Each structure stands twice: as structure tokens, then as C-alpha cells.
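Residue numbers (the working numbering), protein chains in the order written: chain H, 59 to 537; chain S, 13 to 111.
Each hint should be verified, as a subset may be incorrect.
Stated by the list, open to error - A few chain S positions that, by computed beta-carbon distances, are all more than 10 Å from chain H: (1) Met-13; (2) Gln-18; (3) Glu-35; (4) Ala-37; (5) Gln-81; (6) Glu-82; (7) Asp-90; (8) Ser-99; (9) Gly-100; (10) Gly-101.
As the list claims (entries may be wrong) - For lysine-lysine, the following DSBU-like pairs were computed, each having C-alpha atoms within a straight-line distance of at most 35 Å: (11) H:Lys-154 <-> H:Lys-99; (12) H:Lys-439 <-> S:Lys-14; (13) H:Lys-534 <-> H:Lys-78; (14) S:Lys-14 <-> S:Lys-52; (15) S:Lys-52 <-> H:Lys-469; (16) H:Lys-439 <-> S:Lys-52; (17) S:Lys-104 <-> H:Lys-473; (18) H:Lys-121 <-> H:Lys-295; (19) H:Lys-439 <-> S:Lys-104; (20) H:Lys-473 <-> H:Lys-317; (21) S:Lys-52 <-> H:Lys-158; (22) H:Lys-439 <-> H:Lys-295; (23) H:Lys-99 <-> H:Lys-469; (24) H:Lys-158 <-> S:Lys-14; (25) H:Lys-158 <-> H:Lys-295; (26) H:Lys-473 <-> H:Lys-99; (27) H:Lys-320 <-> H:Lys-439; (28) H:Lys-534 <-> H:Lys-348; (29) H:Lys-347 <-> H:Lys-534; (30) S:Lys-104 <-> H:Lys-295; (31) S:Lys-52 <-> H:Lys-473; (32) H:Lys-320 <-> S:Lys-52; (33) S:Lys-14 <-> H:Lys-469; (34) H:Lys-78 <-> H:Lys-121; (35) H:Lys-473 <-> H:Lys-158; (36) H:Lys-469 <-> H:Lys-158.
Hints were generated in silico from the structure; no laboratory data involved. Predicted model only: the values in this text are computed from it and were never measured. Glycine included, every Cβ here is placed at the ideal spot set by N, Cα and C.
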Amino acid sequence: MSSPLHELSIDSIRAGLFAKNFSAEELARQSLAYAEAENPKTNAYLTLSPERALTAARAVDAKIAGGEDPGALAGVPIAVKDVIVTRGLRTTCGSKLLAKYVPPYDATAVIRLEQAGGVIIGKTNCDEFAMGSSNENSAFGPVRNPVALDRVPGGSSGGSAAVVAQGTALVSLGSDTGGSIRQPASFCGISGVTPTYGRVSRYGLTAFASSLDHIGPFGKTTRDAARLLEVIAGHDKMDATSASAPVPSYVAALDGNVKGMKLGLPREYFEGLASETGDLVMAAVEALKKLGCEVRDIQLPHTPYAIAAYYIIATAEASANLARYDGVRYTTRSTAAGTLSDMYRQTRDEGFGDECKRRIMLGTYVLSAGYYDAYYLKAQKVRRLITRDFEQAFEQVDAIVAPVSPFPAFKLGEKLNDPTAMYLSDIYTVTGDLAGIPCMSVPCGLTAQGLPVGLQILTRHFDETTMFRIADAYEKASN
Amino acid sequence: MKITEQEVRRVADLANLALREDEVARMAHDLDGILTHIDKLNELDTTDVEPMAQVLFDVEETATLREDQERPTLTNADAVGNAAVTSGGYYKVPRVIER
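Throw the hints in and build the complete structure from the sequences for me.
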């Protein structure tokens, strides 16, 4: 059995629906059947949603039959990371605590993609509350990388990357706080996009670190990811941090022409890199030169401090955001406890996995009396310095190109026992989140072992268009 | 060590986590690793740097304000529907004060 989506794109699904080559319902049924058959290999889906998918698909077919516009994502099978709430459809956040949580409302991004004719076929596995770089922190078992089943798909949006690579969904939604979209996209060999902070409403995204959280798209191609972002981006009155800047048509700008574009190569991002990864990234940079880009060396001197600043800020915010899981409002309560205080403590000890506990502890520690200035305030100042590095770089260049991860997908279990080493592997991705700038991973080849490597492209606030143009031009030239 | 087991217990208490004894020792070890790395920040002089709490954009001051109008909300059943224990449309929790 091969993927029914293998040869398809958002554009070709639309064309196929109008030409009556297939119906949205047929495509949804085939995708669901394929997802069900393939899922035991990867564990990428936590929940399939056949009823919701078929209802949405039939609505698309009815609109086409009635001569109405079925929407920009008509009939497209889409998977949604399980930290994004879906009304009436279980949303676990990869946590035992929320194993039975059925949200009473939809996230804004979910509403928008369904209004555009998108067909949600399931919810994807992820690290618990999006905390992890390997998808091994899920309470429901790890996800396996469809490219190499003994390896991790990356994290935390590992399931959302795996389903697109596997062809069980055409595109998907993930979330990114420190690299959780770009790193799994690079490990699975697909496009993954972290838009500008505030570009996509977070209403309905389970909060991890509120000053860093983003929702973003995955696609087999940059074009599909750009199309999905067009649909979900834009101001939302339900999210006070969502930006009101108008959303341009990203796809309309994909003309393959990047002549004269200035790209910056930050030397700090090439230290401590696996040599094969560095070679593939540099080959992609050479290819962009051939397309007419001007490449120059730049400096982002505060990069070595990014992990320290990030893990202070992210865990501080997480310790506050995860305080709500106390056994009262969200489904799971310890039965061991007598008093209210014991009930909170026991529920949280039994419910949270090791990584969540570590981050709650670190976050509580850095915010606790006597440590605030030394840790939290210091980290916020360093965040400013990292952001200034980018602002200064963007005075000289239109975009920055860099690796996504120091190495390709590693074996399951390989890095589980050394949390600090796992944190350090996020070095090239946390910087974009700290500055809030758009950044993405686009595939740039395979290692000798056949493992995908990603090229990271970062641009100015709200300049997703330039980022997509570079990624798309590179993709077209390398195919 | 950057953090003692005693401090781990104190922080767990602040965070409402009832760590088991074996968890306390492992947590001290794991936190020590990342706190040692975090020390790197002391290499930087940040005296005159403005802290950055949020990625902010220029918006009108009233951008996040709206008219205070009545609008539909979740029903009571939806609001308490996911709770572990409810009673009469309320969340039910164990006794807080011993009598």
C-alpha cells in the first residue's frame, strides 16, 4: 500500500476535486485507512478523527457540487499536534494528566483551516506539553522517524513531522517554542515553519512558554506550508498577542527568483557541527549562490549564551503555565490524597513525566526569592542582546542561512539520560524564538546513512515572504 | 554542587510537586547539570541592557480593548465537564481546613 497523498499537493488536490478525478470524501477515506494501517510503525497519531474528517470532506464535495468556492485548503487531509485544542476531540498534550481531556472549544487555527475546507484526520503525538527535542517524552510512547524507524523524529512536534513525511497527512500543524517545528522538520526531511511571534493566534494552543510559543505549519513542500500559513495567520481578537499586520499572499511571491538577495552566514552556527551536516548546509548555500544570491559572513556573537537564556525564560514561564494542572479542572486527580494540598502534590507527581517535572523545578527555582535577578532578569537582558544581534545582521542582509540541528536524527534512547546534552542540541533553533523572527527548515539533502538534514532560513519580523521565496527557489533548483 | 537535595525539596514544595525520595536525588543531579551551564551568562556584562520580557510590536494603545458587551460563554456543563469530581455544577475538592 502506498500513500494516497504521495503525488499530491494542496494545488493538485484542488485541481483533482474540480476535475472530478476524486472526491474529498474518497481522499479522506483513503487517507484515514492509510493512517490507520501505517500508524503502528511510527505511533505518530494519538487519535484519528474519522467522523470529523468525513463531515468536513462531504461539506467540501457539496460546495463544489453547488458551484460554491470550497476554500483554499479544500479537501486537504491535515493533522494537528495534540497540544492544539479541538472541540469534542480528545487533546492529550502527550500527558497522562490529560489522557481523557475533551476540549469544549476549538483553537482559532483549527477553526480557520476547517473554514478553508481543510479535513482534520487526526491528532499527533508530541513530547509532553511540547517539552522535548526527540518526542521520547510522550506519556503515550515515542514516535519513530518514518525515514529510519530506529531513530527519533525530533521533537517536540515529532508526530506532526512524521505524518507528513509518512504521507498519512498532506500538511500538519505543530508548535514551536525553542525549535519544536524546525528540528523535527529537518529530521524527517520536510518543510517546517515557525512564523513571526504573534503572526498566528495561539488561542487554543496549550500554553508552555507564553513569550516564546508559536503555531506553525509543516508541508512536504515549502509551497504547501506557505499556503497553510496564509490560511491560519492574521489577527484574532481572542489572542491579545496576535499581530494586526495584514497577511500577504506568500504563495503568490514564489517566483523562483532570488537574484541579488543578500544572505548572511553566521560563523557561530558552524561551530560544534557534525561535519556531514555542515557539508550539506554549505552545499545548499553554494546552490543559492548559483541562483544569484550574494553570501557574506556575519556575526551573531551572543549565540553561545542562547541556551542558558532560553532554558531560564522557557522554564520560568512553564512553571507558571503548568500550575493549572492541579487535579481540579483537568480530568485526572490522584486518589491517594486526603487534604487539598496533598491532592495537588500527589496529582502532579503522578501525572507529570520526568521532563515536565525537571522544567517545573528549574522554572520555580529561577523565579524563587533571591534568585530572580541572577537568573530570570539576567536571561531577559541576554534575550535583548540576542535580538539586537539579529537586528544588526538584518541591516546588512535580507536573510540568514544556517543549520537547524548540530546532527541528524539520532537513535531512540541515545540521549535520554543526559538532559543537559539534549538541551544543548537546541542551540541553532532557540535564537529565532527568543528574537521572535520567522524561521524555517527546508530539506537540503541526505547523509551517507540516508538521514535528512535541514537548512534553516531566518528573516526580519513579518518578512515570511522572503524566507519562503528563498526556500522555494532552493527547493525547485535542487529537485 | 549548584543545588542541594534540601533546596530541591524546598523548590518542589513551592511548585506543588510531591517528589519521591529517588526523584529528589536525580533531580538534584539533573538541575546541577543545567545550572552549571547557565553560569555561562555571568561572562556577560548586562548592566545597561533593558530586559526583554516580550516580543512587542507597534500597535495602537486601544488595540486590545473592546466594548464590554455580553456574549455567549461556555455552558456550565461544558465548563466543568472535564473535572475529576463535580457536584451541582461546581468543582469539588477535598477539605481545606481541618475542623
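Hint check:
1. At the 10 Å boundary, the C-beta of S:Met-13 stays outside the reach of chain H, the nearest C-beta of that chain being 13 Å off.
2. Listed as a non-interface residue, S:Gln-18 keeps its Cβ farther than 10 Å from every Cβ of chain H; the least gap is roughly 13 Å.
3. The claim that S:Glu-35 lies off the interface is violated: its Cβ sits roughly 7 Å from the closest Cβ of chain H, which falls inside the 10 Å cut-off.
4. The non-interface label for S:Ala-37 is consistent with chain H: the shortest C-beta to C-beta separation is roughly 13 Å, beyond 10 Å.
5. Distance to chain H confirms S:Gln-81 as a non-interface residue, since its nearest Cβ pair spans about 12 Å, more than 10 Å.
6. Every C-beta of chain H lies more than 10 Å from that of S:Glu-82, the closest at about 16 Å, which supports listing it as non-interface.
7. Consistency note on S:Asp-90: stated as away from chain H, yet its beta-carbon is not over 10 Å from all of that chain's, at 4 Å minimum.
8. Residue placement check: S:Ser-99 keeps its beta carbon more than 10 Å from all beta carbons of chain H (closest about 13 Å).
9. No beta-carbon of chain H is positioned within 10 Å of the beta-carbon of S:Gly-100; the least distance is around 15 Å.
10. No Cβ of chain H approaches the Cβ of S:Gly-101 within 10 Å, the least distance being about 14 Å, so the stated non-interface status holds.
11. Annotation: proposed proximity of H:Lys-154 to H:Lys-99 holds, straight-line Cα distance about 22 Å (limit 35 Å).
12. Distance hint between H:Lys-439 and S:Lys-14 is fulfilled; the C-alpha atoms sit about 22 Å from each other, no more than 35 Å.
13. At most 35 Å may separate the alpha-carbon atoms for a hinted pair to count; H:Lys-534 and H:Lys-78 meet this at roughly 28 Å.
14. Between the alpha carbons of S:Lys-14 and S:Lys-52 the distance comes to roughly 13 Å, so the proposed pair stays at or under 35 Å and holds.
15. With a C-alpha separation of about 29 Å, the suggested pair S:Lys-52 and H:Lys-469 falls inside the 35 Å cut-off, and the hint holds.
16. For the hint linking H:Lys-439 to S:Lys-52, the alpha-carbon distance of about 14 Å falls within 35 Å, and the restraint holds.
17. Distance hint between S:Lys-104 and H:Lys-473 is unfulfilled; the C-alpha atoms sit about 42 Å from each other, more than 35 Å.
18. A distance of roughly 28 Å separates the Cα atoms of H:Lys-121 and H:Lys-295; the hinted pair therefore holds under the 35 Å criterion.
19. A threshold of 35 Å between alpha carbons decides the hint, and for H:Lys-439 with S:Lys-104 the separation of about 43 Å lies outside it, so the pair is violated.
20. A distance of roughly 42 Å separates the Cα atoms of H:Lys-473 and H:Lys-317; the hinted pair therefore is violated under the 35 Å criterion.
21. As the CA atoms of S:Lys-52 and H:Lys-158 are separated by approximately 42 Å, the hinted pair breaks the 35 Å bound.
22. A hinted pair counts as satisfied when its Cα atoms are at most 35 Å apart, and H:Lys-439 with H:Lys-295 qualifies at roughly 30 Å.
23. At roughly 15 Å between alpha-carbon atoms, H:Lys-99 and H:Lys-469 fall within 35 Å of each other, so this suggested pair holds.
24. Between H:Lys-158 and S:Lys-14 the CA atoms are separated by roughly 39 Å; this puts the pair beyond 35 Å, and the hint is violated.
25. Distance restraint check for H:Lys-158 and H:Lys-295: the Cα-Cα separation of roughly 29 Å lies within the 35 Å cut-off, and the hinted pair is therefore satisfied.
26. With a C-alpha separation of about 21 Å, the suggested pairing of H:Lys-473 with H:Lys-99 holds against the 35 Å cut-off.
27. Restraint check for H:Lys-320 and H:Lys-439: the C-alpha separation of about 29 Å stays at or below 35 Å, so the hint holds.
28. Simply put, H:Lys-534 and H:Lys-348 have alpha-carbon atoms about 13 Å apart, close enough for the 35 Å limit, and the pair holds.
29. Proposed proximity of H:Lys-347 and H:Lys-534 is supported: the alpha carbons are some 14 Å apart, at most 35 Å.
30. Restraint check: the Cα-Cα separation between S:Lys-104 and H:Lys-295 comes to about 33 Å, which is no more than 35 Å; the hinted pair holds.
31. About 22 Å separates the Cα atoms of S:Lys-52 and H:Lys-473, which keeps this hinted pair within 35 Å; it holds.
32. At roughly 33 Å between alpha-carbon atoms, H:Lys-320 and S:Lys-52 fall within 35 Å of each other, so this suggested pair holds.
33. With a CA separation close to 31 Å, the supplied pair S:Lys-14 and H:Lys-469 stays within the 35 Å bound.
34. The suggested pairing of H:Lys-78 with H:Lys-121 holds, with an alpha-carbon distance near 13 Å, which does not exceed 35 Å.
35. The straight-line distance between the Cα atoms of H:Lys-473 and H:Lys-158 is roughly 30 Å, inside the 35 Å bound, and the hint therefore holds.
36. Using a Cα cut-off of 35 Å, the hinted pair H:Lys-469 and H:Lys-158 holds, with the two alpha carbons roughly 30 Å apart.
Hints 3, 7, 17, 19, 20, 21, 24 from the earlier list are contradicted by this structure; the remaining hints agree with it.
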